[in-house]
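Chain A is already provided as a structure; the job is to place chain B on it using the hints.
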Amino acid sequence: MEKKRNKLEIIRDILKVIRERNGKIKPTHILYKSNLSHQMMGDYLKELMGKGFIKEIKVKRGKSYIITDKGLDYLNQYALITNFTSSFGLGE
Amino acid sequence: MGHILYCSPRWFYGYDIILEIVFAIITFAVAMYSFRIYRLSGQRDSRLFGFAFLLISASYSLWAILNGFAVSQLESARTILELERANIWRYLGIYAHILFFLGGMSTLTYMTFKNKNARLCSLIFVLALTAVILAEQKYIATYLLSVILLFYIIIEYINRYSASKNKNLLLTLGAFIFLFLGRFEFIFSPSQNIFYVIGHILEFTAYILILASLITVIKQGNKGKRFIP
Chain A
1 MEKKRNKLEI
11 IRDILKVIRE
21 RNGKIKPTHI
31 LYKSNLSHQM
41 MGDYLKELMG
51 KGFIKEIKVK
61 RGKSYIITDK
71 GLDYLNQYAL
81 ITNFTSSFGL
91 GE
Chain B
93 MGHILYCSPR
103 WFYGYDIILE
113 IVFAIITFAV
123 AMYSFRIYRL
133 SGQRDSRLFG
143 FAFLLISASY
153 SLWAILNGFA
163 VSQLESARTI
173 LELERANIWR
183 YLGIYAHILF
193 FLGGMSTLTY
203 MTFKNKNARL
213 CSLIFVLALT
223 AVILAEQKYI
233 ATYLLSVILL
243 FYIIIEYINR
253 YSASKNKNLL
263 LTLGAFIFLF
273 LGRFEFIFSP
283 SQNIFYVIGH
293 ILEFTAYILI
303 LASLITVIKQ
313 GNKGKRFIP
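Protein chains in written order, with the numbering used here: chain A, 1 to 92; chain B, 93 to 321.
Facing chain A, a subset of chain B residues (Cβ under 8 Å, in silico):
1) 249
2) 260
3) 308
Reference listing, derived: stretches of chain B covered by chain A, where coverage requires no fewer than 3 residues with Cβ under 8 Å from a Cβ of chain A:
4) 125-132
5) 135-149
If you're looking for bench data, these hints aren't it; they were derived computationally from the structure. For each residue, glycine too, the CB sits at the ideal point set by N, CA and C.
Bound-form chain A, shown alone (with noise of 0.2 Å):
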């Protein structure tokens, strides 16, 4: 049985698809790719534009979602983040 992904682990997915399909994606790819259920993964759409990690664009059939620049970070500096989380015992 695999190991249930923490919220940082999931954050890092949904970014990577984003990325891997060149920084622009629609929502059904996210929610096939991502693995999440559409309620979880409407939640953390919210979650990572207020955060600043992507942003939500109008296109022709409905909207996309791009990854921004502090979204990228987050992918670069993932390892820091997870080390650093994991050591000081934190985690919302």
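This is chain B only, laid out in the frame that chain A set:
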């Protein structure tokens, strides 16, 4: 309260101030790094942890500065009035230390409850502060409260370590245990000032462990940067 002035053995004057400056620097470094992690991750816990350590750093800085000033005044004091003035600086240092340290400890304790209601944090702090204000022996009351708060923090960190088995987390847990023991020793320092020295040594060990944990994180983080996940 006059006995507070003599908690430190005379030969330890100066060494305690140096140690407090070291504690202030280490806790400040942890606070700044936590804020950096918060900027990168937007994680609320990192911001709170940074805030708690910033308060603890302020508590040691103020203690060291005002303590140092009081000691220099004491050395040159020739009249009772001058001695009393030196005493006032010493008390100010201790009260500033009490206020900020309890603020930091209250924040860390609040974090262990995993509750997002900030009123809980203010409740812990206000209760702790009220207990100190009402206590006749404020010095002992402060350290006793710190010991109680640290006990709850340690219990939470034992649970977290049992779940993760992370070696760095063990260092952090060890640091809180040494801090707990250090604060416990301080309780007895008004009756025997050697406990003041032992308390400082135990706290020094605690902050060295925290520093070791931080350095390991930075080293591992730099390694990880080469491999973008």
